[in-house]
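Read off the chains here:
There are 2 protein chains.
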Amino acid sequence: MKRLGCKIIQGKLEKELKEKTESFIMKGNRAPSLAVILVGSDPASETYVRNKHEACSRLGFLHFDYRFDEDVKEDDLLALIDELNGRADVDGILVQLPLPKHIDEKKITNSISVEKDVDGFSPFNVGRLCLGEECFIPCTPKGVVEILKYYDIPTAGKKVVVIGRSNIVGKPMAMLLMQKGFDATVTVCNTRTPSLKDYTLDADIIIVATGRPGTLGSSMCRNDAVIIDVGVNRIEDKSRERGYRLVGDVDYHSFEDTECQVTPVPGGVGLMTVMMLMENTFESANRRKK
Amino acid sequence: MKRLGCKIIQGKLEKELKEKTESFIMKGNRAPSLAVILVGSDPASETYVRNKHEACSRLGFLHFDYRFDEDVKEDDLLALIDELNGRADVDGILVQLPLPKHIDEKKITNSISVEKDVDGFSPFNVGRLCLGEECFIPCTPKGVVEILKYYDIPTAGKKVVVIGRSNIVGKPMAMLLMQKGFDATVTVCNTRTPSLKDYTLDADIIIVATGRPGTLGSSMCRNDAVIIDVGVNRIEDKSRERGYRLVGDVDYHSFEDTECQVTPVPGGVGLMTVMMLMENTFESANRRKK
Chain A
4 MKRLGCKIIQ GKLEKELKEK TESFIMKGNR APSLAVILVG SDPASETYVR
54 NKHEACSRLG FLHFDYRFDE DVKEDDLLAL IDELNGRADV DGILVQLPLP
104 KHIDEKKITN SISVEKDVDG FSPFNVGRLC LGEECFIPCT PKGVVEILKY
154 YDIPTAGKKV VVIGRSNIVG KPMAMLLMQK GFDATVTVCN TRTPSLKDYT
204 LDADIIIVAT GRPGTLGSSM CRNDAVIIDV GVNRIEDKSR ERGYRLVGDV
254 DYHSFEDTEC QVTPVPGGVG LMTVMMLMEN TFESANRRKK
Chain B
4 MKRLGCKIIQ GKLEKELKEK TESFIMKGNR APSLAVILVG SDPASETYVR
54 NKHEACSRLG FLHFDYRFDE DVKEDDLLAL IDELNGRADV DGILVQLPLP
104 KHIDEKKITN SISVEKDVDG FSPFNVGRLC LGEECFIPCT PKGVVEILKY
154 YDIPTAGKKV VVIGRSNIVG KPMAMLLMQK GFDATVTVCN TRTPSLKDYT
204 LDADIIIVAT GRPGTLGSSM CRNDAVIIDV GVNRIEDKSR ERGYRLVGDV
254 DYHSFEDTEC QVTPVPGGVG LMTVMMLMEN TFESANRRKK
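Residue numbers (my numbering), protein chains in the order written: chain A, 4 to 293; chain B, 4 to 293.
Calculated from the structure, these hints are not laboratory results. Treat the hints with care, since some could be wrong.
Copies of one chain are not kept apart here, so a pair can be met inside one copy or by any two copies together.
[As the list claims (entries may be wrong)] List time: in silico EDC-like cross-link candidates among lysine to aspartate or glutamate, alpha-carbon distance up to 20 Å: (1) K110 / D78; (2) K109 / E137; (3) K200 / D186; (4) K241 / D79; (5) K152 / D207; (6) K109 / E136; (7) K110 / E136; (8) K5 / D207; (9) K5 / E57; (10) K18 / E73; (11) K110 / E137; (12) K152 / D227; (13) K292 / D92; (14) K76 / E108.
Start from the sequences and build out the full structure, keeping to the hints where you can.
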């Protein structure tokens with residue numbers, strides 16, 4: 004097995020983006036800036052927000068953090084987003100999901116101005132992606148593309164299988180890789196697919212985003228397949244200080260005696276996502292400058 | 004072979020929609036209305052526009068036809084669309100494509116208000132389709148779904164292959180059938196797919212939208228496959244008065260000795276498209292009433 008580690012890619016992209024940002028600022032532009040809204044105190048969400056915050060700091064981006072209690076009113080969030088939409092010093096707006104149940108997640112994310120939707124989740128952005136137009140590519144699919152690029156894995160004419168049809172990974176991933184330029188033949192499998200093996204056994208590249216550990220093992224794949232594991236699952240583990248460990252959707256160890264190339268978890272796709280958010284934020288600043 | 008003729012479906016849907024429209028008007032609502040813009044005098048476009056016009060008349064819809072010479076200025080089209088966007092008596096706006104080369108087709112279609120984009124081609128609409136939200140489903144994919152429904156052809160858990168990745172058929176078709184409720188496992192093939200047979204030989208349902216006659220023949224399919232032929236190609240035919248005949252993308256006759264179910268051309272998908280446009284226009288009127 005070849006391990007497709009992403010730490011090295013993250014480092015490379017971060018260095019490049021940092022240099023781009025410095026030169027951007029040297030030219031008299033304001034530093035790119037990201038506003039992050041966090042509701043409640045879910046530990047995973049806290050971690051994600053902290054990671055974004057730290058990435059901004061390392062890159063020299065401005066960041067504005069907004070925190071609300073669990074019982075915040077929807078209208079208060081909408082009012083803040085409305086204000087941020089109008090602010091000239093904000094390039095990207097991100098609402099950390101999930102939101103509490105009494106809040107309409109769709110309504111909130113759709114209220115973010117299209118020009119600042121650096122997560123790329125709004126219908127307009129997704130539509131542009133689907134139509135092959137310039138857009139903010141959702142961060143995880145964008146990160147997967149960077150991994151394929153870094154490891155020289157071609158997609159044109161290849162059999163790509165995406166397992167999972169979520170709005171934030173599976174569907175945009177499929178849309179992206181079927182576009183001209185990528186030119187893959189893409190199949191999207193879902194929970195109703197009777198036999199995943201029918202598709203995976205013959206695939207060149209398999210992208211797994213189901214949120215279920217053990218979705219894919221080596222017996223389901225060709226001996227030279229490329230496996231991209233998007234899953235991040237917490238598994239109880241008493242031997243760890245924090246009481247859990249992270250595993251992906253792929254049975255990583257089953258690939259050890261194969262010729263497959265596999266992204267690890269942790270150390271894989273997850274590392275790319277924050278960096279892609281930073282790239283989208285830079286892009287937004289670059290479009291907005293003058 | 005079983006011929007999946009669509010004349011009978013068109014008749015049924017037209018009857019239903021006519022009744023719905025009558026009852027809609029009886030309740031004191033204005034008749035649904037469609038504005039159609041045609042530039043130049045391409046004979047195929049003329050036919051399409053006439054078909055839409057006639058469908059409106061049969062259903063009791065209002066229709067506004069706008070015709071421009073080939074050398075119309077982009078700004079004049081934009082001004083008209085802007086006016087139509089604002090008019091309370093217009094539910095749907097359609098610009099017949101293709102437009103002359105000096106006109107930015109994207110700019111024109113994107114200027115149509117999202118609420119009146121009954122063709123469903125705008126990024127916002129496509130994005131909503133992709134995200135599984137309420138939207139105007141593009142007419143051809145919507146028509147294909149009606150054919151599958153009428154002939155009791157299930158999609159859940161089925162292997163669906165879409166050949167062609169156009170923005171108006173292939174991509175929205177794939178997005179639609181992979182949504183919850185349809186639950187198909189969808190593969191999108193394109194011109195870079197090395198061997199179509201790898202996918203078609205095993206497929207339950209094959210939807211062909213390449214614009215190339217002879218894309219699919221029976222030797223590439225299972226003996227019980229369902230074949231939906233979206234293609235409409237003009238083939239020179241001196242024996243016909245008009246000098247051509249219409250054929251699909253599928254080699255229809257090659258299926259004669261199989262158990263496959265195949266839509267004919269003409270008499271197939273094409274018949275559905277106009278009716279779906281009318282359904283979208285009705286839907287728009289229904290949303291707009293109060």
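Tested hints:
1. K110 / D78: within (10 Å within a copy, 34 Å between copies)
2. K109 / E137: between (23 Å within a copy, 12 Å between copies)
3. K200 / D186: The answer is between: 17 Å across copies meets 20 Å, while 23 Å in one copy does not.
4. K241 / D79: Neither, since 40 Å and 70 Å both go past 20 Å.
5. K152 / D207: within (15 Å within a copy, 34 Å between copies)
6. K109 / E136: Classified as between; 10 Å across copies, 23 Å inside a copy.
7. K110 / E136: between (24 Å within a copy, 12 Å between copies)
8. K5 / D207: Answer is within: at 15 Å inside a copy they meet the 20 Å cutoff, but 36 Å across does not.
9. K5 / E57: For K5 and E57, the Cα distance exceeds 20 Å both inside one copy (30 Å) and across copies (63 Å).
10. K18 / E73: neither (37 Å within a copy, 52 Å between copies)
11. K110 / E137: between (24 Å within a copy, 14 Å between copies)
12. K152 / D227: The answer is within: 18 Å in one copy meets 20 Å, while 40 Å across copies does not.
13. K292 / D92: within (10 Å within a copy, 41 Å between copies)
14. K76 / E108: within (12 Å within a copy, 43 Å between copies)
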